[in-house]
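Line by line, the protein sequences are chains Z and C.
Position 187 (the first sequence) corresponds to 187 in the UniProt record's numbering; numbering is contiguous.
Position 237 (the second sequence) corresponds to 237 in the UniProt record's numbering; numbering is contiguous.
Just so you know, these hints were derived from the structure itself, not from any lab.
One thing to keep in mind: the hints can contain errors.
[Stated by the list, open to error] Take a look, some chain Z residues computed to stay more than 10 Å from chain C by CB distance: (1) 14; (2) 47; (3) 78.
[Said to hold, decoys possible] If you anchor each label on the Cβ, the simulated ranges turn out as follows: (4) Z/158 x C/223: 18 to 26 Å; (5) C/201 x Z/187: 22 to 30 Å; (6) Z/154 x C/123: 35 to 43 Å; (7) C/282 x Z/187: 42 to 50 Å; (8) Z/123 x C/192: 53 to 61 Å; (9) C/107 x Z/26: 43 to 51 Å; (10) Z/39 x C/214: 45 to 53 Å; (11) C/168 x Z/220: 35 to 43 Å; (12) C/168 x Z/5: 35 to 43 Å.
By construction, the Cβ of each residue, glycine as well, lies at the ideal position given by its N, Cα and C atoms.
Each chain is listed here by its residues.
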Amino acid sequence: MREPKSPWQRYIRAAGDRALLVTPDEPARAAGLADALRVSAPKGVEDVLPAAETVLVTLNSPDDAESVRREICALLESFQHEVDSGDVSRGTLPHNGSPEPLVVPVRYDGADLADVAELLDMTEDEVIAAHTGTVWRCAFVGFAPGFGYLESPDGRLTVPRRDTARTSIPAGAVALAGGFSAVYPRSTPGGWQLIGRTDLTMWDVDRDPPALIRAGGLVRFEVAR
Amino acid sequence: MMLVEWVGPLATIQDLGRPGWFDSGVGVSGAADRASLRLANRLVGNPEDAAVIEVLLGGLMLRAERHHTVAVAGAPAQAVLDGIPVGHASVLEMEEGQTLRLGFAANGLRSYVAVRGGIDVAPVLGSRSRDTLSGIGPEPLRAGDRLPIGPVPRQLPLVDVAPVDGPPDGVLTVRALLGPRDDWFEDATALFAAEWAVSPDTDRVGARIDRVGGPALRRRITGELRTEGMALGSIQVPPSGQPVIFLADHPITGGYPVIAVVLDADVDAVAQARPGQRLRFRRAG
Numbered sequence: 001m002r003e004p005k006s007p008w009q010r011y012i013r014a015a016g017d018r019a020l021l022v023t024p025d026e027p028a029r030a031a032g033l034a035d036a037l038r039v040s041a042p043k044g045v046e047d048v049l050p051a052a053e054t055v056l057v058t059l060n061s062p063d064d065a066e067s068v069r070r071e072i073c074a075l076l077e078s079f080q081h082e083v084d085s086g087d088v089s090r091g092t093l094p095h096n097g098s099p100e101p102l103v104v105p106v107r108y109d110g111a112d113l114a115d116v117a118e119l120l121d122m123t124e125d126e127v128i129a130a131h132t133g134t135v136w137r138c139a140f141v142g143f144a145p146g147f148g149y150l151e152s153p154d155g156r157l158t159v160p161r162r163d164t165a166r167t168s169i170p171a172g173a174v175a176l177a178g179g180f181s182a183v184y185p186r187s188t189p190g191g192w193q194l195i196g197r198t199d200l201t202m203w204d205v206d207r208d209p210p211a212l213i214r215a216g217g218l219v220r221f222e223v224a225r
Numbered sequence: 001m002m003l004v005e006w007v008g009p010l011a012t013i014q015d016l017g018r019p020g021w022f023d024s025g026v027g028v029s030g031a032a033d034r035a036s037l038r039l040a041n042r043l044v045g046n047p048e049d050a051a052v053i054e055v056l057l058g059g060l061m062l063r064a065e066r067h068h069t070v071a072v073a074g075a076p077a078q079a080v081l082d083g084i085p086v087g088h089a090s091v092l093e094m095e096e097g098q099t100l101r102l103g104f105a106a107n108g109l110r111s112y113v114a115v116r117g118g119i120d121v122a123p124v125l126g127s128r129s130r131d132t133l134s135g136i137g138p139e140p141l142r143a144g145d146r147l148p149i150g151p152v153p154r155q156l157p158l159v160d161v162a163p164v165d166g167p168p169d170g171v172l173t174v175r176a177l178l179g180p181r182d183d184w185f186e187d188a189t190a191l192f193a194a195e196w197a198v199s200p201d202t203d204r205v206g207a208r209i210d211r212v213g214g215p216a217l218r219r220r221i222t223g224e225l226r227t228e229g230m231a232l233g234s235i236q237v238p239p240s241g242q243p244v245i246f247l248a249d250h251p252i253t254g255g256y257p258v259i260a261v262v263l264d265a266d267v268d269a270v271a272q273a274r275p276g277q278r279l280r281f282r283r284a285g
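Model the full assembly from the supplied sequences, consistent with the hints where possible.
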């Protein structure tokens with residue numbers, strides 16, 4: 001006899017027979033769910049990939065799909081209880097990586113800093129103050145290894161991508177686009193607005209971990225001296 | 001050591017990949033046809049995840065610098081040992097100085113050369129796989145490379161030859177499960193009604209497919225999909241309507257809806273599908 005279906009099942013879609021795509025009703029819950037899955041590491045989970053509004057959970061084998069579905073349902077339900085009890089789920093969940101923010105020293109001399117200031121109707125100093133004055137959190141990593149999409153509670157620095165992408169952006173470039181900030185881990189083409197650069201080596205496969213910014217990690221920028 | 005004397009279009013070192021690095025933006029990679037990698041390793045008595053050489057279209061010649069036990073599986077590229085044709089998916093003994101050359105296969109795309117002891121280059125992030133999208137792992141092979149071979153395992157090869165079917169050369173049918181974004185299409189089952197052909201624009205990242213008959217895939221939701229994680233075997237449909245089936249080195253996230261995902265057991269067959277080969281999807285689940 002099949003057990004009754006959990007109401008949370010509706011947030012879980014099959015992505016083939018060896019992965020599940022979780023689409024929480026509140027997109028902001030994706031990051032917290034990814035953190036919780038990494039911490040609890042249910043048996044059969046190969047890896048967890050948070051994105052803007054979803055979490056992809058890959059499995060060791062198709063046989064693990066049902067048990068992992070049940071674990072995800074339980075996590076989603078526990079989140080609901082936290083919300084009901086007045087906790088803000090995102091703030092109370094353990095996050096991946098160091099609890100202390102990674103400090104990234106930046107020389108704010110990017111080619112688009114003046115354009116960004118104009119777009120936001122701020123001075124360049126105000127842009128720098130806003131960028132350094134908040135703790136950013138890596139919502140997900142994509143586009144290239146080590147390219148973390150950083151979000152912050154301070155939504156003022158929301159600018160569009162550039163109309164035309166640059167063919168080459170140097171490693172260490174600090175950029176803004178679509179409400180996110182990022183540091184280019186290595187030289188690639190890109191369309192983000194460049195506001196500065198850092199000398200930190202963001203990506204190095206010979207280092208463990210190779211990426212300084214990982215999904216769930218915290219980042220604080222400061223003016224390089 | 002094995003000396004690489006000649007390389008064709010692409011030969012890379014592959015194992016079963018590097019799962020566990022999504023938080024750093026790194027995909028799994030690994031052999032495009034995992035079953036053939038496992039078979040090649042079993043034939044020479046290696047652990048099934050040992051590193052082997054993945055050879056595209058038979059382009060490879062190796063010279064043994066000492067005695068080695070090798071096996072070729074996957075696409076049945078004609079293997080020639082010092083000028084003498086030898087059996088596919090069989091255990092081959094190479095003496096010092098002998099050469100193994102792979103010719104073109106009549107069907108299939110990728111052959112796997114396992115050497116007893118495994119290709120022993122330094123692992124990167126826990127794997128010896130070349131990820132051609134991220135540029136992680138050992139560089140593709142070039143003439144003149146000398147490949148270190150690991151110590152021979154205790155386990156002895158159990159069989160001399162594995163009677164396996166080569167990849168099919170007719171219409172390839174693969175099973176796929178609808179979703180996770182089938183609801184973005186007017187009628188996602190059009191995927192199963194249409195006939196497809198593998199495009200020449202096919203590599204380890206993905207197999208692009210062209211519709212050669214049957215209904216078109218029409219989007220119901222035309223908005224932008226927020227970037228989301230993509231599973232191996234995802235059939236992603238960009239606005240052009242020309243789908244791409246994600247293979248070993250696929251980007252781990254994407255912004256186009258995935259209409260269906262090829263079942264894990266059938267991904268290997270897609271990786272062996274040749275440009276021009278007809279392909280049909282059968283609905284699973």
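- request: Starting from the hint 35 to 43 Å, judge whether the C-beta atoms of residue 168 of chain C and residue 220 of chain Z obey it.
  value: For residue 220 of chain Z against residue 168 of chain C, whose Cβ atoms are near 56 Å apart, the range 35 to 43 Å is violated.
message: A range of 42 to 50 Å was offered for this pair. Does it hold for the Cβ distance of residue 282 of chain C and residue 187 of chain Z?
response: 44 Å, holds
- request: With 10 Å as the threshold, tell me whether residue 14 of chain Z passes as away from chain C on beta-carbon distances.
  value: Check fails; 5 Å does not lie beyond 10 Å.
task: Given the range 35 to 43 Å, decide if the beta-carbon distance of residue 154 of chain Z to residue 123 of chain C lies inside it.
output: 41 Å, holds
message: Checking a non-interface call: every C-beta of chain C should be farther than 10 Å from the C-beta of residue 47 of chain Z. Is that right?
response: Non-interface label fails for residue 47 of chain Z: nearest chain C Cβ at 5 Å, not farther than 10 Å.
query: Would you say the C-beta atoms of residue 201 of chain C and residue 187 of chain Z sit inside 22 to 30 Å of each other?
result: Between residue 201 of chain C and residue 187 of chain Z, where Cβ atoms are some 26 Å apart, the hint holds.
- prompt: In this structure, is the beta-carbon distance linking residue 39 of chain Z and residue 214 of chain C contained in 45 to 53 Å?
  reply: 46 Å, holds
field: Verdict on residue 78 of chain Z as a residue remote from chain C, using beta-carbon distances over 10 Å
entry: 22 Å, holds
task: State, for the Cβ atoms of residue 168 of chain C and residue 5 of chain Z, whether the hinted interval 35 to 43 Å holds or is violated.
output: 38 Å, holds
task: With respect to the beta-carbon atoms only, verify the hint that residue 123 of chain Z and residue 192 of chain C lie 53 to 61 Å apart.
output: Between residue 123 of chain Z and residue 192 of chain C, where Cβ atoms are some 58 Å apart, the hint holds.
- prompt: Lying within 43 to 51 Å: is that true of the beta-carbon distance residue 107 of chain C to residue 26 of chain Z?
  reply: 50 Å, holds
query: Does the hinted range 18 to 26 Å hold for residue 158 of chain Z and residue 223 of chain C at CB?
result: 19 Å, holds
The structure fails to meet hints 1, 2, 11 from the earlier list, while all remaining hints are met.
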